[in-house]
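In case you want the letters, here they are:
Protein chains: 2
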Amino acid sequence: MSFRPHVKTSKSTDVAALQRAAGARGVTVSTLLEAQHFHAAGIDDILYAVGMVPAKLPQALALRRQGCALKIITDSLASARAIADFGRAHDEVFEVWIEIDSDGHRSGIRPEQEALLEVGRCLHEGGMRLGGVLTHAGSSYDYDTPEALQAIAEQERAACVNAALRLRAAGLPCPVVSIGSTPTALSAASLEGVTEVRAGVYVFFDLVMHNVGVCTQDDIALSVLTTVIGHQEEKGWAIVDAGWMAMSRDRGTQKQKHDFGYGQVCDAAGTPLKDYLITGANQEHGILSLREGVDRDIVKRFPVGTQLRILPNHACATGAQFPSYQALAADGTVQNWPRLHGW
Amino acid sequence: MSFRPHVKTSKSTDVAALQRAAGARGVTVSTLLEAQHFHAAGIDDILYAVGMVPAKLPQALALRRQGCALKIITDSLASARAIADFGRAHDEVFEVWIEIDSDGHRSGIRPEQEALLEVGRCLHEGGMRLGGVLTHAGSSYDYDTPEALQAIAEQERAACVNAALRLRAAGLPCPVVSIGSTPTALSAASLEGVTEVRAGVYVFFDLVMHNVGVCTQDDIALSVLTTVIGHQEEKGWAIVDAGWMAMSRDRGTQKQKHDFGYGQVCDAAGTPLKDYLITGANQEHGILSLREGVDRDIVKRFPVGTQLRILPNHACATGAQFPSYQALAADGTVQNWPRLHGW
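From first to last, the protein sequence lines are chains W and D.
Under full-length UniProt numbering, the residue at position 116 of the first sequence is numbered 116, and the numbers go up by one with no gaps.
Under full-length UniProt numbering, the residue at position 268 of the second sequence is numbered 268, and the numbers go up by one with no gaps.
Fair warning: there could be bad hints in the mix.
[As the list claims (entries may be wrong)] Below are the DSBU-like pairs computed for lysine-lysine, each with C-alpha atoms no more than 30 Å apart in a straight line: (1) W/K56 to D/K235; (2) D/K257 to D/K235; (3) W/K274 to D/K56; (4) D/K255 to D/K274; (5) D/K300 to D/K274; (6) D/K235 to W/K255; (7) D/K255 to D/K235; (8) W/K255 to D/K257; (9) D/K56 to W/K235.
Quick caveat, the hints were computed from the structure, so don't treat them as lab data.
Pulled out of the complex, with its shape left as it was, chain W reads as follows:
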């Protein structure tokens, strides 16, 4: 069993280096610019886990010619044909994985669909390397009990394994069976038939994952440092200089069991002040208030200049608002870790 983290969460080669040191094999990326970036940092085994389209094939080819063992994915005969045609025209054997739909969440071919074998044959007979199948049970984010998470993890596993078995039964190669999302990776009771697990946001965790039940607030590694810049005393508001530009507009906890607004307020050392949330956000202004009710002592409690930390709803979205991380080492020193921005 190997583990291939999704580096779209951090977009940081420093974070990826720690993940590799901890045993990760290869990475998953969400854009070809990420593939270039992580390949330039010495990572060869890269899965680009967004469906390939013809216009991106020259970029994928260039990466392979530079020595990157890039894997691309497809879930349609149209794309599979385009990949095989382009590969043969350029004497390149692309490694292609077929994307499986295990929960109706987004993309992929359902394991029982005829298209699975059609795509498999098109790639294999078209001279490409049919490397395996992958799925992502994105709907696992909608659950919040161990039983439900275990059930969706099993659904994800079974769908992907069944797809692999069907391909193999049809005489097609399917060495890799790759599954994963942070909630299912942390909840699966069985990984029978699976060769690889993927997960992304586990690397930082966030309030959405806290609500799903796979981490505590103490596990959340990412926070936004902010300063109190003013008050509306009658309303019980402190105004901070972290608005949606800093936190992102992600309101992923809105429909979960605890709505954290735009983030959980902590003291500067990172200890949650559990009744205080960022309850509103403009571009560079956040409104800090009690979750419910009016704090009549807001001005004394959080004077102008007070520094606070805000835990994010969604680490991937909040991280993307910043050009770099200020990484705190165990010895208290701080390092600047750059983050990839754009496409």
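Based on the hints, put chain D in the right spot on chain W.
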């Protein structure tokens, strides 16, 4: 009457240059990094329109020492004292404007509050230059009829002018009366007593402003170019490679009269396909579907590889996801305009 655009929308010196060429005098910024960036591009007259805190005064001082006619703002006696103390300690006369609350939206002192005169006296008697008053009726975004917009514009004007009159009646200087938001700037029936108007998002417009009623979809200058990467035929979905990383998580039209999901789908030339929206978004995947109902012909209508443009809910938020703009000139040529990222 002068116009001072808020460059937080574009964060682009190329866009600001066009605004200046069209008559703008000075700019408004939302961070001190923006102030540095636009000052380095040759703009001297800069209003930093987020409440000043002590920790940022050295950065403000450095900008003034470099020749930037930086204006800073405050809405509290605590900050006013800190500014005056720091200014005197460094032999610097900061130009400070007092932020007025004209609609209960966010920050500011209400014109009738005693704090207005206290802050004014603190700055003036403390040796700073009391440059004026400013307000931003951010709640104007909540209205969508000409009558309501005109009313909130008048409320914004009256509050700011009244604050100026009170300061002047108390023997304090108040040369500038600065108001503005895109909806009010475009709706005001009277600007009596006002010396300066500010607005930001008007420079691109977006679907939120379309719903407010101050622009048409044709006026929207910003779009995200995307490609169809797959389908879920039974559901009537096309999957595109613009997810929330490209569109931002801003759902500003959710509570407006037309909910545009994550954006209005247009053909590659930018003509809206009005029944089609981005109805769901993951990090790099967008779900394109009919606003209502299932399009049985989705695969034929938008084959893999089809290029489309998506109009954003909120131009400030969508722009921030990109390192640069691809600006289309009247002659059809495309220029790369970089955008400032981070703080």
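Do the alpha carbons of D/K56 and W/K235 lie within 30 Å of each other, as the hint requires? Holds - the C-alpha atoms of W/K235 and D/K56 are around 26 Å apart, at most 30 Å.
Is it true that the CA of D/K255 sits at most 30 Å from the CA of D/K235? OK: D/K255 and D/K235 at ~25 Å, within 30 Å.
Satisfaction of hint between W/K255 and D/K235, Cα-Cα up to 30 Å: 23 Å, holds
Hinted pair W/K255 and D/K257, Cα distance within 30 Å: With a Cα-Cα distance of about 22 Å, the restraint between W/K255 and D/K257 holds, given a limit of 30 Å.
Could you grab the alpha-carbon distance between W/K274 and D/K56 and see if it respects the 30 Å cut-off? 28 Å, holds
Under the criterion that the straight-line Cα-Cα distance not exceed 30 Å, is the pair D/K300, D/K274 satisfied? Given pair D/K300, D/K274 holds - Cα atoms ~18 Å apart, limit 30 Å.
Between the alpha carbons of D/K255 and D/K274, is the straight-line distance 30 Å or under? With a Cα-Cα distance of about 19 Å, the restraint between D/K255 and D/K274 holds, given a limit of 30 Å.
Restraint check for D/K257 with D/K235, where alpha carbons must lie at most 30 Å apart: With a Cα-Cα distance of about 26 Å, the restraint between D/K257 and D/K235 holds, given a limit of 30 Å.
If you draw a straight line from the CA of W/K56 to the CA of D/K235, is it 30 Å or shorter? 26 Å, holds
In this structure, none of the earlier numbered hints is contradicted; all agree with it.
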